[in-house]
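Novice: In the order they appear, the protein sequences are chains A and E.
All residue numbers in the first sequence are consecutive under our numbering, ending with 117.
All residue numbers in the second sequence are consecutive under our numbering, ending with 300.
Just so you know, these hints were derived from the structure itself, not from any lab.
Quick reminder that beta carbons are idealized off the backbone N, C-alpha and C, glycines included.
There may be inaccurate statements among the hints.
As the list claims (entries may be wrong) - A few chain E residues facing chain A, derived, Cβ under 10 Å:
1) Val255
2) Asp258
3) Cys261
4) Ser291
Unchecked claim - To give an idea of the chain A side of the interface with chain E (calculated C-beta under 10 Å), a few residues:
5) Thr6
6) Gly7
7) Arg8
8) Arg18
9) Glu83
10) Arg88
As the list claims (entries may be wrong) - Chain E is nowhere near these chain A residues, computed Cβ spacing over 10 Å in every case:
11) Thr52
12) Gly97
13) Leu101
14) Ala112
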Amino acid sequence: MTTGRTEALLWLAQRASAAVLALCVVVHLATIMLAVRGGLSGAEILGRTRGSLAWALFYAVFVLAVAVHAPIGLRAIARETLGWRGVTLEAATGAVALALAWAGWRAVAGLVLA
Amino acid sequence: MSDLTLDVQVWRGDAAGGAFRRYAVPARERQTVLDVVTWIQRTIDPSLSYRFACRVGMCGTCAMTVNGKPRWTCRTLVGAVARAGRLVVAPLANLPVVKDLACDMAPFFDKWQRAEGRFRPAAAAPADFAVVPPESPKRRAADAGIECIGCAVCHAACDIVAWNKDYLGPAALNRAWTLVNDVRDGARAARLAAVAGDAGCHACHSLQSCREHCPKHINPTAGIAGLKRLSALAALKGEW
Chain A
4 MTTGRTEALL WLAQRASAAV LALCVVVHLA TIMLAVRGGL SGAEILGRTR GSLAWALFYA
64 VFVLAVAVHA PIGLRAIARE TLGWRGVTLE AATGAVALAL AWAGWRAVAG LVLA
Chain E
61 MSDLTLDVQV WRGDAAGGAF RRYAVPARER QTVLDVVTWI QRTIDPSLSY RFACRVGMCG
121 TCAMTVNGKP RWTCRTLVGA VARAGRLVVA PLANLPVVKD LACDMAPFFD KWQRAEGRFR
181 PAAAAPADFA VVPPESPKRR AADAGIECIG CAVCHAACDI VAWNKDYLGP AALNRAWTLV
241 NDVRDGARAA RLAAVAGDAG CHACHSLQSC REHCPKHINP TAGIAGLKRL SALAALKGEW
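The following block holds chain A by itself, in its conformation from the complex (with noise of 0.2 Å):
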């Protein structure tokens, strides 16, 4: 894989993953905007989310997508403020991702199977 070939599909990973996350934050801000109108709890929250297979598919693709878009961000940033470039910065990039989408689908479980 060339490095031209790579940049491109990060940039459509990294449009195609904005595009989702512009959804997910939409919904992610309504939510919250409904759910404190009666104070909030961490009861309240876990009683929705408790065994709710529609929240589940809903905050783990919410993650997904911050785990595909934001490392794809940092990497460029890296790049062009540090000069950082090569394998460290590739490995990098992934143990991001890696670690956006293990500590994100933690919490989902959590909240779900709590």
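Given chain A's structure and the hints, the job is docking chain E onto it.
Specialist: For chain E alone, coordinates are given in the frame of chain A:
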């Protein structure tokens, strides 16, 4: 400075360095910045080096930095850019200086070559004249960028060129964009491969300084966005 005299600072030096030198130049009606530089060279200091050819905005050779912005000097009226009768004229940014106001344009045009900025006829060349309908989407896309005069104003205005010397820059990418929209061309895949990557179209942040400063009112950012889309599709299809 009086109404009749301009206070002009001109950068003098070479690749090793230099400094601004001050000149008093008579103000004239509808005087261009190139007129001012020419007056200094012909009247005060014949050793002043600068570059120009057509003087009518066609050749793209006279671009300089005027009061901090890259401009084509032959078509820039002093009255439109002088601040309180003061002009500061320097060589274009992002290119090596040869001497005074003359830059080495080689790195700029080398990038056109790296971006596959040459027309390459398709293997099955038509026996007769190729018919390209003027209203076809591809022809219109090519038209939008085809009036580039290669003045390097966009290259000088681009922040990404400033921090990444390898970046192909707006002019070379605009040229590639006109060629991928040329239905007679046969090097589409090679060109998309050449312009993709972190020194190519994917480095562009769409800051649009190129569009802001282009004297021909071309929008290279739009063409670069088109190259990003086409190269992503080509990568998905495995065309290179």
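Novice: If a hint holds in the structure, say so; if it does not, say that too.
Specialist: Structure-based check of all given hints:
no., hint, result
1, Val255, "8 Å, holds"
2, Asp258, "6 Å, holds"
3, Cys261, "9 Å, holds"
4, Ser291, "4 Å, holds"
5, Thr6, "5 Å, holds"
6, Gly7, "3 Å, holds"
7, Arg8, "5 Å, holds"
8, Arg18, "8 Å, holds"
9, Glu83, "6 Å, holds"
10, Arg88, "8 Å, holds"
11, Thr52, "36 Å, holds"
12, Gly97, "17 Å, holds"
13, Leu101, "22 Å, holds"
14, Ala112, "33 Å, holds"
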